[in-house]
Amino acid sequence: MTTLYTSDHEWLRIEGDIATIGVTDYAQSQLGDVVFVELPKVGRTFKKAEAAAVVESVKAASDVYAPISGEVLEVNETLSAEPALVNSDAAGKAWFFKMKIADKSELDGLMDEAAYQSHTA
Amino acid sequence: MLARDETQLPLKTTPLHALHLARGGKMVPFAGYEMPVQYGPGVLKEHLHTRAHAGLFDVSHMGQIELRAKSGRLEDAATALERLVPQDIVALAPGRQRYAQFTNAAGGILDDLMVANLGDRLFLVVNAACKDADEAHLRAQLSDACEIATLPNRALLALQGPQAEAVLAKFCADVAALKFMDVAALRVMDLDCMVSRSGYTGEDGFEISVPAEGAAALATALLDNPDVLLIGLGARDSLRLEAGLCLYGHDIDTTTTPVEAALTWSIQKSRRTGGARAGGFPGADVILAQLDGGAPRQRVGLKPEGRAPVRDNAPLFADATTTPIGTVTSGGFGPSVNAPVAMGYLPTAQAALGGTVFAEVRGQRLPLRVAPLPFVSHGYKR
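Top to bottom, those sequences are chains A and B.
In this text, residue positions in the first sequence follow this note's numbering: the first is 1, and each later residue adds one.
In this text, residue positions in the second sequence follow this note's numbering: the first is 1, and each later residue adds one.
None of these hints come from the bench; they were simulated from the model.
Heads up, the beta-carbon is just placed ideally off N, CA and C, and yes, glycines get one too.
Careful, some of the hints might be misleading.
Reference excerpt, derived from the structure (chain B facing chain A, CB under 10 Å, subset only) [claimed, not checked]: (1) LEU44; (2) SER238; (3) ARG311; (4) PRO335; (5) ASN338; (6) VAL361; (7) ARG365; (8) PRO367.
Computed cross-link-like contacts, BS3-like style, restricted to lysine-lysine with a CA-CA straight-line distance of at most 27 Å [to be verified]: (9) LYS104(A) with LYS47(A); (10) LYS93(A) with LYS41(A); (11) LYS48(A) with LYS100(A); (12) LYS45(B) with LYS41(A); (13) LYS41(A) with LYS100(A); (14) LYS93(A) with LYS303(B).
Produce the entire structure from the sequences given, and follow the hints as far as they go.
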């Protein structure tokens, strides 16, 4: 299992041809208290960099982009009832959605943990 | 996913700038100033703390202006100011403050402001983004009758929340005697302050005009009290929205009249049709006609039925048809309501309480109910 990161502060956990996607702890700390999460529909296909979900704090709405191309297999419905999970456990329980990886070569452009740490430093 | 504004403009700072930085303020550009949008606890906790205890806000970016009559008679300054606002300033008693609007010839709002009678002069507090234009407007229109002085060397602090009186009374016992919209010149921590019992949160509280050089010391002393938390502009906005208070440039502007903005309560009888000094302010024909016959549209409270916040500029629809009937002018999540809240304009025929309208958000039509304002009852000490 590998975890990769985007410059837009999303993480992807890669298991076979499935990627679980969420936002990083750095992202949640910049967003502030999350009060609403809008998740994509299961079965929808996104191209890389398309807006796939929305996360809203008291003050503002931010898009979460599909970090890779593919079909949405599952979404984390818990976030609809408990959006504050994004603040308390961004890298764990607050995953947003799972995608079937359409093109593995798209993973090559993503950062590993060390690269992401220096990106946010 | 995070847009970062890298533009570097020469921003002004307030006398509390160093204090904001030292206390973890997340600084953003606002009305030409670098101001704290939040501190470490974040907007949600800052908001809830203000409603439960007390919050301290730096609002020194706002404009403070004094008007003195050239004749030396306060009444002449009051009469002159009535040429620019639809409020009764002549009858404003010494030691009292009231909410007012500068209007334009179309009946629109150039700015909203507080006007206080300090006995020998009038004291105005205006919005930061409008203060230069307001000063120019006052000089152009009232220089015949008034000396106009801005007070750039004074800071403005707001202490808001149910514990505000207990906290401030430790530094100045006299504040306890003030009632909502009273104003008095008081010594606070050996500083010559102008204290009004008012604010922009819907809570009981005070606004303290303080000499710039003493502002940080006063703020620090107030913050030494564990009931007091420093609050940024983010929570200031969510607090005023829940309180149903207008934000200039959003809920009111040059295209909205005070009547459309549901601010008729702020226009006294003496300035209305049949009053002792009816009209005589810019746009009086439009505003008096709307007071008498109604306005075509109304500012209303809007409660989204779901959990998704509906924000400023979202178009409003009567149903699934394509023509918008109005717009959301302020919207977000109300931490005390624990739900999204909004305000916007609707045609008067569709503005009745309890009606349902739809906002378009990310391509979807979300239902909102027309709701009474404020969303959180005011805690003013009358």
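Here is how each hint holds up against the structure:
{"no.": "1", "hint": "LEU44", "in the structure": "holds, 4 Å"}
{"no.": "2", "hint": "SER238", "in the structure": "holds, 5 Å"}
{"no.": "3", "hint": "ARG311", "in the structure": "holds, 7 Å"}
{"no.": "4", "hint": "PRO335", "in the structure": "holds, 6 Å"}
{"no.": "5", "hint": "ASN338", "in the structure": "holds, 9 Å"}
{"no.": "6", "hint": "VAL361", "in the structure": "holds, 9 Å"}
{"no.": "7", "hint": "ARG365", "in the structure": "violated, 14 Å"}
{"no.": "8", "hint": "PRO367", "in the structure": "violated, 16 Å"}
{"no.": "9", "hint": "LYS104(A) with LYS47(A)", "in the structure": "holds, 13 Å"}
{"no.": "10", "hint": "LYS93(A) with LYS41(A)", "in the structure": "holds, 19 Å"}
{"no.": "11", "hint": "LYS48(A) with LYS100(A)", "in the structure": "holds, 12 Å"}
{"no.": "12", "hint": "LYS45(B) with LYS41(A)", "in the structure": "violated, 32 Å"}
{"no.": "13", "hint": "LYS41(A) with LYS100(A)", "in the structure": "holds, 14 Å"}
{"no.": "14", "hint": "LYS93(A) with LYS303(B)", "in the structure": "violated, 30 Å"}
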